[in-house]
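Read top to bottom, the protein sequences are chains F and G. Using this note's numbering, read the first sequence as starting at 1 and increasing by one per residue. Using this note's numbering, read the second sequence as starting at 1001 and increasing by one per residue.
Treat each hint with caution, since some may be false.
To be verified - Taking CB as the label site, the calculated pair distances span:
hint : chain 1 : residue 1 : chain 2 : residue 2 : range
1    : F       : Gln115    : G       : Glu1064   : 39 to 47 Å
2    : F       : Arg60     : G       : Glu1112   : 32 to 40 Å
3    : G       : Gly1375   : F       : Gln182    : 47 to 55 Å
4    : F       : Gln400    : G       : Gly1175   : 41 to 49 Å
5    : G       : His1348   : F       : Asp346    : 57 to 65 Å
6    : G       : Asp1047   : F       : His94     : 51 to 59 Å
7    : G       : Glu1064   : F       : Glu27     : 44 to 52 Å
8    : G       : Gln1115   : F       : Glu27     : 17 to 25 Å
9    : G       : Lys1120   : F       : Asn253    : 42 to 50 Å
10   : F       : Ser405    : G       : Ser1173   : 51 to 59 Å
11   : F       : Asn253    : G       : Glu1064   : 54 to 62 Å
Said to hold, decoys possible - In silico contact screen, one side only, chain G against chain F (beta carbon under 8 Å); selected entries:
hint : residue
12   : Arg1032
13   : Ile1134
14   : Pro1271
The set of hints was computed from the structure by calculation and includes no laboratory data. Glycine included, each C-beta is placed from N, C-alpha and C at the ideal position.
The primary structure of each chain is shown beneath.
Number of protein chains: 2
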Amino acid sequence: MKPVRVGICGLGTVGSGTFNVLNRNAEAIAARTGRIITIGQVGARRDNPACDTSTTEVSRDIFEVARNPDIDIVVELIGGYDTAKDLILTAIEHGKHVVTANKALIAEHGNEIFQAAREKNVTVTYEAAVAGGIPIIKCLREGLAGNSINWLAGIINGTGNFILTEMGDKNRSFGDVLKEAQELGYAEADPTFDVEGIDACHKLTIMASIAFGIPLQFNKAYTEGISKVTPADIRYAEELGYRIKHLGIARHNGAGVELRVHPTLIPASQPLANINGVLNSVVVNADAVGEAMLVGPGAGAEPTASSVVADIMDIARTMEAPQTNPKPLGFDSDRLQDTPVLPIADTHSACYLRIHADDHPGVMHAITSILGKQGINIEAMTQKAVRESDGYADIVILTQKVQESLMDQALAKIEQLDDVQAPVTRIRVEAMA
Amino acid sequence: MKPVRVGICGLGTVGSGTFNVLNRNAEAIAARTGRIITIGQVGARRDNPACDTSTTEVSRDIFEVARNPDIDIVVELIGGYDTAKDLILTAIEHGKHVVTANKALIAEHGNEIFQAAREKNVTVTYEAAVAGGIPIIKCLREGLAGNSINWLAGIINGTGNFILTEMGDKNRSFGDVLKEAQELGYAEADPTFDVEGIDACHKLTIMASIAFGIPLQFNKAYTEGISKVTPADIRYAEELGYRIKHLGIARHNGAGVELRVHPTLIPASQPLANINGVLNSVVVNADAVGEAMLVGPGAGAEPTASSVVADIMDIARTMEAPQTNPKPLGFDSDRLQDTPVLPIADTHSACYLRIHADDHPGVMHAITSILGKQGINIEAMTQKAVRESDGYADIVILTQKVQESLMDQALAKIEQLDDVQAPVTRIRVEAMA
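Using the sequences and the accompanying hints, generate a full structural model.
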C-alpha cells in the first residue's frame, strides 16, 4: 500500500513534538500500523529549530496543506479559534481526515466540525485535546464503552495543579507561585485560561459528552478559578483530612448532568488527592468497572505528540473504511441524549466555609442560626486563632450536602453580618465515593 | 444493519458479568456501536442464578456455540488451557471473531491462536486478560502506539497485593493473611497461580509483547512469588523509605528484554507504592509520553466484563472490515522483533538483603568482605536487634545495582558462613526512574 501522507499545520511546541516522534519512531509506527506514515508537508509561518525540516516540504500557508491533494491526514496544531476552524473545515471539505489537539475549538465548535466530517465520511480525532499524553478519550470512548458512567473527575490543568501543590507544600501565596510558574514556562503571560478554569472546562466539556452521550455544551458549564484559594485554606483543609484540588467534575445525577470546574476539597486518602505538580489525572466511576484512574503528563511537546501520533495511526489503519471508527463523541450523533446540563444553582455539594469575623461572642451564634434557618447542617466547625493584624479570627465550617442556591442565600446573609468581613470563602467538598 | 450476535461460552463470574452488562446497557451500547448487539446463545454446563437466561438460547455444549452459523462473535470465558483452546480454534475455523479473558491461554498459546485468526481474517481480542477492568491492552496497543517503550511495571495480581498490603498494615504473616484471603474469596483454594507470580507473569508476558513487538515468550520469563516475604522485611523496607510490591517488570535495556515477576522494593514516594489492596496498576515509561499510569480493579465479575464488552463493541463496529483492527500484539506478526528475552542471571538490580546471623563481631566483616570481592557496593547497612528466641540478629543491607549472577555467587558464599542462617532473603530494588 502507498504511504499515508500527513500534513502538519503549526510547528510550535506540539507540532515540533509530533514532527520528531513521527520521524524518530517511523519504523515501529509502520510495523504497528501496517502502513508507512510520512510527513508529506508542513505548514508553518516560521521554522522551529527543534525540527530538522531540511528534507520536508514546508509551506508558509497552512491552507495549502489543507488543500494539498497528496495529503491524507491534516494535523491542526496552530491553536485558537477562527483560523483553526477554517483550516479544519477546509481540510474536511477536501476529503481529508483531521487530527487536532485544540481543546477550545472542539469544546466550543466540535458539534459543527463533527457534522461536517460526517457528511464527508472522514474521521476527526482529538485525543491530545484532553490531558495531553493520557489516552483518556480512547478510554472513555472505547475502553470503557460498555459502561454506564456515573461520574468522572479530573485534575486536567497542570498549571493550576502545580500552583496549588506549591502553595500547600511551601505555604506560598497564589500570586507568588503564579509568578514562578510563569518564569518556569508552566503558565502563560496571561494565565486566565489556566487559573480561571476555562482550559479545564474545555476538557471537561469534551469528556462529559463522551461519557454521557450528550452534545458539547461548553457554555452551560460552571467554571470557577483558584485565585481566591489561600495557603490558610489549604492548611485548614489538611487539618480536616482534605486536600484542595482544582477539579473538573461531570456527574449524571438522574435529573441531569452536572458540569463544573472549581477548587474542591477531597479526602486526603483519595488517589486524586496525591496527584501533584504538573501531572494530570482523571478518575472515572462507572457501573461495570467501578472506578478506574489514569495519570500522566497533561502537556509538553512529546507527551502531547504521543496522543497526536496515536490518532494518526488509528486513522492510517482505518483509512480504507473510516466508517469503522468510533463516532467522534462515542455516540452516533443521531443518538445523542438531550439530558439537560444542570445550572450550578440546582446542584448539591457539601461546603467548606472560611469566615473572617470579629472575635465576638455573638458571631458564632449568628452564623449558625443563619445556616440552621436555611436547613444547612454543620459537619464540623472550628475557630482559628485571632490574627493580630486585624483582631479578626477565621471560622472554618464544613457543611453537609446542600443545594447550591440555599447556600448562596445563606452566604449573602452571613456576609451582611456586621462582624463578618465579606466575602466568605466557599469551597465545595467532594467525598468522591 | 442486522444485529451482531454474541455467543457467550462459560457462565461463571466473568460470563455472568458479561451477560448482565450486555443486557443492562444494551441501548447505550447500540448507540455507541451503531449496531444492536444481542446475546444469540449461551454455552454453559449449568445455569448461574446471577443471570436471567429465560429468554436466551442456552446450550450445554459450548462447541455448539462455536459452530453456530448465527453467531458472529464467540466469547470464551471458560478459562483453562485445552478445552478453551479447542473452543477458540473451532470458532476461528468457523469464521467467528473471538473475545477471551484467558490470560494463561493467550500468554502460552497466543502465537498459535493469532496465526489461525490471521489466516481466517477474523479478530481475536483479550483486553480482559490483563488487569481486569483497566484498558491497558488498548492503551499499549493504540493509545501509546507512537511511543518507543522503555519499560513497564505493574501490580497485576490483586490477591498478592492484598496479601502484601495486609501484612504491612497489620504486621501479619504471609500464611495468616493468605488464609483470610481464601476465606474472602480473593484467593483460590490452591493459591499457587497468584502467590507464586504465575498469573502475573502471564499478564506481563502479554504486555511485554505489545510493548516491545516481540512474540509471546512466557517460558523465558523469570517468576518468583511472595511467600518468603515477612512482616519484618516490610518493616525494614519502610524504615529505608521503600514499600514491597509484587511487580511484573518488562524492560528493554538495549541488549534485550528483561521479563520478571518478583517482590520488589520501590521508593515509598512512587505512585505504584501507594496502590493497595486488590487494586491493579500499570506504569508505562516511554520516549514520548514520559510516564503514564493506569489504576483500577484487576478482577471481579463486572470490572472484567467491562473489558470483555469493550472488545465485543470494537469487533461489532469493525465487523465489515476486520483488517482495520490493530494486530493482536500491536505489531504485524511479520514484523515482530527477535529481541532476546534475557535470562535473569544477565539482568542488573540493586538488592535488599536480610541476613539472619549470629551476633558475633566477625560476621559483619565476613559478609562485607564477600560482597566487596564480588564488586558489590553497599548503599546502606544496619543491624537490627537480636531476637531473643535464637540469639541471632537481622542484618539488613541495600546494595547498589549488580549483575544477578554476581549476587547469586555472593549469596552462596554468605550462606556458607558458620554464623549465618541460610537462606538469605534477597529482594530486588527498583528506583523506577
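Results of checking the hints against the structure:
1. Checked against the hint of 39 to 47 Å, the pair Gln115(F) and Glu1064(G) passes, with Cβ atoms roughly 45 Å apart.
2. For Arg60(F) and Glu1112(G), the hinted distance range of 32 to 40 Å is not satisfied, since their beta carbons lie about 54 Å from each other.
3. Remark: the range hint 47 to 55 Å for Gly1375(G) to Gln182(F) is upheld by a beta-carbon distance near 49 Å.
4. At roughly 44 Å, the beta-carbon separation of Gln400(F) and Gly1175(G) lies within the given 41 to 49 Å, and the hint holds.
5. As the Cβ distance of His1348(G) to Asp346(F) is approximately 59 Å, the hint placing it in 57 to 65 Å holds.
6. A C-beta distance of roughly 57 Å is found between Asp1047(G) and His94(F), which places it inside the suggested range of 51 to 59 Å.
7. Look at Glu1064(G) against Glu27(F): about 45 Å separates their beta carbons, and that is inside 44 to 52 Å.
8. For Gln1115(G) and Glu27(F), the hinted distance range of 17 to 25 Å is satisfied, since their beta carbons lie about 23 Å from each other.
9. For Lys1120(G) and Asn253(F), the Cβ-Cβ distance of about 47 Å falls inside the hinted range of 42 to 50 Å, so the restraint holds.
10. Checked against the hint of 51 to 59 Å, the C-beta distance between Ser405(F) and Ser1173(G) comes to roughly 56 Å, which is consistent with it.
11. Roughly 45 Å separates the CB atoms of Asn253(F) and Glu1064(G), a value that falls outside the hinted 54 to 62 Å.
12. Contact between Arg1032(G) and chain F, as hinted, is supported at the beta carbon level, the nearest pair being about 5 Å apart and thus within 8 Å.
13. A least Cβ separation of about 6 Å between Ile1134(G) and chain F falls short of the 8 Å threshold, and the interface hint therefore holds.
14. The closest approach between the C-beta of Pro1271(G) and any C-beta of chain F is roughly 7 Å, which is under the 8 Å cut-off, so the hint is satisfied.
Consistency with the previously given hints fails for numbers 2 and 11, ordered from lowest to highest.
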